[in-house]
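Taken in order, these protein sequences are the chains called A and B.
Letter 71 of the first sequence, counting from 1, is numbered 71 in this note's numbering, and no numbers are missing.
Letter 76 of the second sequence, counting from 1, is numbered 76 in this note's numbering, and no numbers are missing.
For the record, the hints were derived by calculation from the structure and aren't laboratory data.
Careful, some of the hints might be misleading.
[Said to hold, decoys possible] No farther apart than 27 Å at their CA atoms in a straight line, the calculated lysine-lysine pairs in the BS3-like style are these:
id : chain 1 : residue 1 : chain 2 : residue 2
1  : B       : Lys66     : B       : Lys83
2  : B       : Lys80     : A       : Lys107
3  : B       : Lys66     : B       : Lys125
4  : A       : Lys134    : A       : Lys102
5  : A       : Lys103    : B       : Lys129
6  : A       : Lys112    : B       : Lys80
7  : B       : Lys130    : B       : Lys83
8  : A       : Lys134    : A       : Lys77
9  : B       : Lys38     : A       : Lys165
10 : B       : Lys38     : A       : Lys127
11 : A       : Lys103    : A       : Lys157
12 : B       : Lys125    : B       : Lys80
13 : A       : Lys46     : A       : Lys77
14 : A       : Lys91     : A       : Lys165
15 : B       : Lys38     : A       : Lys134
16 : A       : Lys77     : A       : Lys91
17 : A       : Lys102    : B       : Lys80
18 : A       : Lys46     : A       : Lys127
19 : A       : Lys46     : A       : Lys134
20 : B       : Lys80     : A       : Lys46
21 : A       : Lys46     : A       : Lys102
22 : A       : Lys157    : A       : Lys91
23 : A       : Lys46     : B       : Lys66
24 : A       : Lys102    : A       : Lys165
25 : B       : Lys129    : B       : Lys38
26 : A       : Lys112    : A       : Lys102
27 : B       : Lys129    : A       : Lys112
28 : B       : Lys83     : A       : Lys46
29 : A       : Lys165    : A       : Lys112
30 : A       : Lys103    : A       : Lys134
31 : A       : Lys112    : A       : Lys46
32 : A       : Lys165    : A       : Lys127
33 : A       : Lys157    : A       : Lys77
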Amino acid sequence: MLQDSNTTRRSLLGMTGTGVLSLAAVGLLANNSAMAAMGAKKGGAKGDVDILNVALGLEHEAINAYQIGAESGLLDKGTLGVAVGFQSDHKFHRDALVATIKKLGGKAVAEKSRDEYVSSLNAASIKNATDIVKLAQRLELGAVNAYLGVIPSFVDKGLAQVAAKLGADEVLHYTALTSALGEQLPVGVNGFPFG
Amino acid sequence: MKSIARAFAVGFLIGTIGFVVASASHAAVVGDAARGAKIYEQKCTGCHSIDANRVGPAHRGVYGRKAGLAPGFAYSPGLKGSKIIWAEPTLDRWLTNPQATIAGARMGFRLADPAQRADVIAYLKTQGKKKR
Numbered sequence: 001m002l003q004d005s006n007t008t009r010r011s012l013l014g015m016t017g018t019g020v021l022s023l024a025a026v027g028l029l030a031n032n033s034a035m036a037a038m039g040a041k042k043g044g045a046k047g048d049v050d051i052l053n054v055a056l057g058l059e060h061e062a063i064n065a066y067q068i069g070a071e072s073g074l075l076d077k078g079t080l081g082v083a084v085g086f087q088s089d090h091k092f093h094r095d096a097l098v099a100t101i102k103k104l105g106g107k108a109v110a111e112k113s114r115d116e117y118v119s120s121l122n123a124a125s126i127k128n129a130t131d132i133v134k135l136a137q138r139l140e141l142g143a144v145n146a147y148l149g150v151i152p153s154f155v156d157k158g159l160a161q162v163a164a165k166l167g168a169d170e171v172l173h174y175t176a177l178t179s180a181l182g183e184q185l186p187v188g189v190n191g192f193p194f195g
Numbered sequence: 001m002k003s004i005a006r007a008f009a010v011g012f013l014i015g016t017i018g019f020v021v022a023s024a025s026h027a028a029v030v031g032d033a034a035r036g037a038k039i040y041e042q043k044c045t046g047c048h049s050i051d052a053n054r055v056g057p058a059h060r061g062v063y064g065r066k067a068g069l070a071p072g073f074a075y076s077p078g079l080k081g082s083k084i085i086w087a088e089p090t091l092d093r094w095l096t097n098p099q100a101t102i103a104g105a106r107m108g109f110r111l112a113d114p115a116q117r118a119d120v121i122a123y124l125k126t127q128g129k130k131k132r
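The following block holds chain A by itself, in its conformation from the complex (with noise of 0.2 Å):
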């Protein structure tokens, strides 16, 4: 269990490198734009683009739920630091779905007003950090599996390796925020214990 901000924050500074795969992720979105777009030609990319918007939704709202954290004043510098981290890689996600989304020909879908997420994500019952970094691991996890399942699903399968580099990216933050609660990493069933 996450017992102290101390502990939040020594479990969670060993990931600030995560910045650096999520660009990763980016240059691979922003190469495989560009067959997307030669994709939409032939028909096909509105159901990526209609999935690609989907998953700018839960970028949007990770953000979203990262600011409400880091606005609530219950995170120490270090954990702090960590959460503004993480969600400058929902930034990076955010920005090349936009780009990607409008290169296909499609209309990015806009971020809701803050209320809306505070009353969406029930931000009223967060009493300390803990609950903070439940509310950001179960988002991850959401983001991993929503990630995972849509790869079925893209038409241009360059954007379905994107899918699972996006997803690999929430799985790094759902460890490192599962590891700060002192929590068990999910076994899964069959040994899958993601998708």
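Chain A is already provided as a structure; the job is to place chain B on it using the hints.
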């Protein structure tokens, strides 16, 4: 000799019946709501909640409801125009491949395992119109 042949015939008949029963039970997977709650938590809450519209619509009361009618959620035209009623067969098809079930659906998430789909559907069935 006749008795041996009869024994083989009876054995074959029992084996065939067993195979048919096993196949039938595989085709009609019975979901478990408790297992479904765990699967829902792990695989659906990235986008959905029972009582809040998020990236996807709130799921309270979805079972038995016409598609595209969760209050306050901005659906795709495909979902809005659909005449599908959410029940076991329609939800099973939807979770297998949403964009093949309803043209223009935004959701691309697929739940490949039939047993897990049945469990999630059984769970959604318990999430009626009113909060428990």
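Q) Are the Cα positions of Lys80/B and Lys46/A separated by 27 Å at most? A) holds, 17 Å
Q. Hey, Lys46/A versus Lys127/A, does the alpha-carbon distance stay inside 27 Å?
A. Violated, at roughly 42 Å.
Q) Are the Cα atoms of Lys129/B and Lys38/B separated by 27 Å or less? A) At roughly 20 Å apart (the allowed maximum being 27 Å), Lys38/B and Lys129/B satisfy the hint.
Q.
Next pair to validate is Lys77/A with Lys91/A; report whether the Cα-Cα distance is within 27 Å.
A. holds, 21 Å
(Q) Check the hint pairing Lys112/A with Lys46/A against an upper bound of 27 Å on the C-alpha distance. (A) holds, 23 Å
**Q.** Proposed proximity, Lys77/A with Lys46/A (alpha carbon, max 27 Å)
**A.** At roughly 43 Å apart (the allowed maximum being 27 Å), Lys77/A and Lys46/A break the hint.
**Q.** Hint consistency between Lys46/A and Lys102/A [alpha-carbon to alpha-carbon, up to 27 Å]
**A.** holds, 12 Å
(Q) Check whether the Cα positions of Lys134/A and Lys77/A lie no farther apart than 27 Å. (A) holds, 18 Å
Q) Is Lys46/A within 27 Å of Lys134/A, Cα to Cα? A) The hint is violated at about 35 Å.
(Q) Next pair to validate is Lys112/A with Lys80/B; report whether the Cα-Cα distance is within 27 Å. (A) holds, 21 Å
**Q.** Proposed proximity, Lys102/A with Lys112/A (alpha carbon, max 27 Å)
**A.** The hint holds at about 19 Å.
Q.
Can you confirm whether the C-alpha distance between Lys103/A and Lys134/A stays at or below 27 Å?
A. violated, 36 Å
Violated hints, listed in ascending order, are 4, 5, 13, 18, 19, 30, 32 and 33; each of the other numbered hints is respected by the structure.
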